[in-house]
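Participant: In case you want the letters, here they are:
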Amino acid sequence: MTMTDPPARPPAEPAIAPRRGLTDRQKDILQKFAALGSLLVLILVFSLTSGAFFTVSNGMTIALQVTSIALLGIGATCVIITGGIDLSVGSVLALSGVVAALGVKELGMPVPVGMALGILTGAACGLLNGLVVTVMRLPPFIATLGMMLIARGVALQITGARAVSGLGESFGELGNGALFRMVTIGDDGFPNVAFPGIPYPVILMAAIALAVSLMLNRSVLGRHIYAVGSNVEAARLSGVNVRRVVCFTYVLSGTLAGLTGCVLMSRLVTAQPNEGVMYELDAIASAVIGGTSLIGGVGTISGTAIGAFVIGILRNGLNMNGVSAFTQQIIIGLVILLTVWIDQLRNRR
Amino acid sequence: MPDGASAGLRPDLPHPVRAGEDLLFLDAISKEFPGVRALQGVSFDLRRGEVHAVCGENGAGKSTLMKIVSGVFAPTAGRIVYKGVERRFSSPLDAEALGIAIIHQELNLVPHLSVAENIYLAREPRRGFLVDRKALRTNAAACLARLGVAIDPDRPVRGLSVAQCQMVEIAKALSLNAEVLIMDEPTSSLTEQETRRLFKVIHDLKAAGVGIVYISHRLDEMAEIVDRVTVLRDGHHVATTDFAATTVDEIVARMVGRSLEEKFPERTSRPAGDCLLKVEGLARSGVFADVGFELRRGEILGFAGLMGSGRTEVARAIFGADPRDAGTVTLEGRRLDIRSPRDAIAAGLAYLSEDRKAQGLAIKMPVDANMTLANMEAVSNRFGLIDFAREAEVARRYVDLLNIRTPTIHQPVRLLSGGNQQKIIIGKWLFRKSRVLFFDEPTRGIDVGAKFAIYRIMDELAAEGIGVVLISSELPEILGMTDRVCVFHQGRIAGILETARTDQEEIMRYASGYGPAHSRH
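Chains A and B are the protein sequences, given in the same order. For what it's worth, the numbering used here labels the leading residue of the first sequence as 1, then goes sequentially. For what it's worth, the numbering used here labels the leading residue of the second sequence as 1, then goes sequentially.
By construction, these hints were calculated from the structure, which means they are not laboratory data. We put the beta carbon where it would ideally sit given N, CA and C, even for glycine. Just to be clear, a hint being listed does not mean it is correct.
[What the hints assert, rightly or not] Beyond 10 angstroms from chain A on every Cβ pair, some chain B residues (computed):
{"hint": "1", "residue": "Asn139"}
{"hint": "2", "residue": "Thr406"}
{"hint": "3", "residue": "Asp503"}
[Said to hold, decoys possible] Straight-line Cα separation of at most 20 angstroms, SDA-like style, residue types lysine to any residue; simulated pairs:
{"hint": "4", "chain 1": "B", "residue 1": "Lys278", "chain 2": "B", "residue 2": "Gly465"}
{"hint": "5", "chain 1": "B", "residue 1": "Lys357", "chain 2": "A", "residue 2": "Glu233"}
{"hint": "6", "chain 1": "B", "residue 1": "Lys134", "chain 2": "B", "residue 2": "Ala145"}
{"hint": "7", "chain 1": "B", "residue 1": "Lys357", "chain 2": "A", "residue 2": "Val242"}
Could you put the whole structure together from the sequences, leaning on the hints where they help?
Facilitator: Here's what the structure looks like:
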């Protein structure tokens, strides 16, 4: 694959006359390569501009940073495919993390039990979202906007707006541990890290991405998710349990937010009720960059994963090049506009 | 084919119609979509003050051609000459500004705005920065008055009937000073009376010199207004003739490329004696009441009646798609407790909705996924994972069985024609092994050839002992296909008639509430 080719292609195409002979499937692959291609271009550019970028340890750093966006993005993708939206994940993440930490610290729960409680909290928030959308029939935007405020409020309330710290080393294991970490003790007695290992959150992300991708592509439930997004009335008249399918996507999104919360708080070994502000927008952005349509019916996990890495690598690479946080926001905003515009061009006739 | 040969640079030279008389001339238009050649070298001309009908089966290219004229699509090849000048439209606004207006089959009005606001949408008369509401109203009222329709320009469009919406669309076209007016299936959801009024308006427009392109499947009603007719088939121009010089049969033969001896297949099925589905005392307050009927095994039962008489609502309530207040549904002697379409499907009922795109198909999804959507258990294992090989096999079986024309089973269904889409929905319910099928307007907007195929499928289903309910506004269809007819009037069954012993007049009498005739023996 050439590096320069894919990003240059779509804008050159006249808007009215579509390219002939391309099936939808081919166009789909092309879109994938366009996103993947721009990802590779980013890597190439940053590797050239910063010596420390293209290293194993930075790779792991990026993967670690991407996990939260990707986990939330996976949930967002499922919700958006049904034609919904979930704005609450940033707040739910904070609430879940805080609940897990309080469970461990105040109630003396073992760490896995506390974290399970945190994840359950996320699932419960998701279930509430789903019920408000399907039973009370509020628009998803409003339903999850309400949850965004409520969850954040509860998180601040139960912590008194203070960080929960002193959680003990074992609380940090999930976020900071790694598989296959190789350390040798050098001659000077200091440890040398031969291989930083694959962080647990990265393994978690990969496993969940695979599982959800399998669910969407190969399972009946996944087929129903796409069917609901493509035409909700046709799905209902075909016997699809629309309420259950829609509820499921919100529960999945909430659960993944809960998990993300536990991972993030574990990494800091401190639970911050103010963590995760605006993360929902990163999640939605990664889905959209990956080709998920906000109208519903279209979207893939592989696309969202690429989208999450585009955002993560942009942040990391710009950091390494000393670009300020403000400029980073501007650049990421432009990238979102550009990719969605390319997507529009692709779909226009 | 008078126009096909014109290849000269000047539009009027090789063209047989006298120069200056041509309002619009399309020269050898071709249009390709990914994987589809929608139009190949189609030529077409429109004169001032004429109604030029465009006929063809679904997928013949009528809509594509009209979308090119109205600036929605750009042609891949060919020229558009409008009033002697070659034009390229980059958007519908371009075409509209030059006086080419299109009234789409699915009307494009904004429901929450008033009639007047819709007519002048995006062209509101202004005073400074503000909308001049007074001028808006008087101008709109003038347009409506020109059509001779009594619609209050301040009413929101939301509450209007389809016919009234259509009049608003026409008024909008008039307000544009349109010289070319394209009407796509304007009468498909109009009553007889409303159709009369529309035809009068068309006559007036003709007299005012407007050129009208008229697309319709209802060839029978064309004689009143159409001057010339162009037939398209598979994206090719077949013929253009004066309407007076041809016959409906000839047009149909050209459309399908063969002659159709009969419109309906011979019924091979005979209803068996025993009752399959029994409905008693079905009611929904304000919509229908006291509805009861029996459907026998192998019977085709018609639901006739005017629009809004409750035919569709009853079917949807039986299927669990709409709520009901009272009544029992019994299938093969077993009383059903249906609360949702899922319950109905599990019991063996199927409902093919009247609006395919809005209710019947997941149009972004491919043929195979649509085909199996109502019966996923049959193509998945106990872990809920889909067996793709099995799904493909099922899809191929029904594509063959129903003779569905699609390049592959992975084609998104939105790219298929209406008839093929309808067959996919039928395939979906056949795969579900449904025992009772409600067909709600199954042939609306479908070409003649596909209609015949769908009638034959209905007959074959009945022959296998399936109960079929045919809901239709087309009385010939009811008379041609059913064994008995339930005639609805204002939410009640006014009468159940033996099809063989009734006729159009009697059904209409029941449908309009006059009840049984003074003894017809």
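Participant: Taking the numbered hints from earlier one at a time, note which ones the structure violates and give those numbers from smallest to largest.
Facilitator: Going through the list in order, the structure violates no hint and respects every one.
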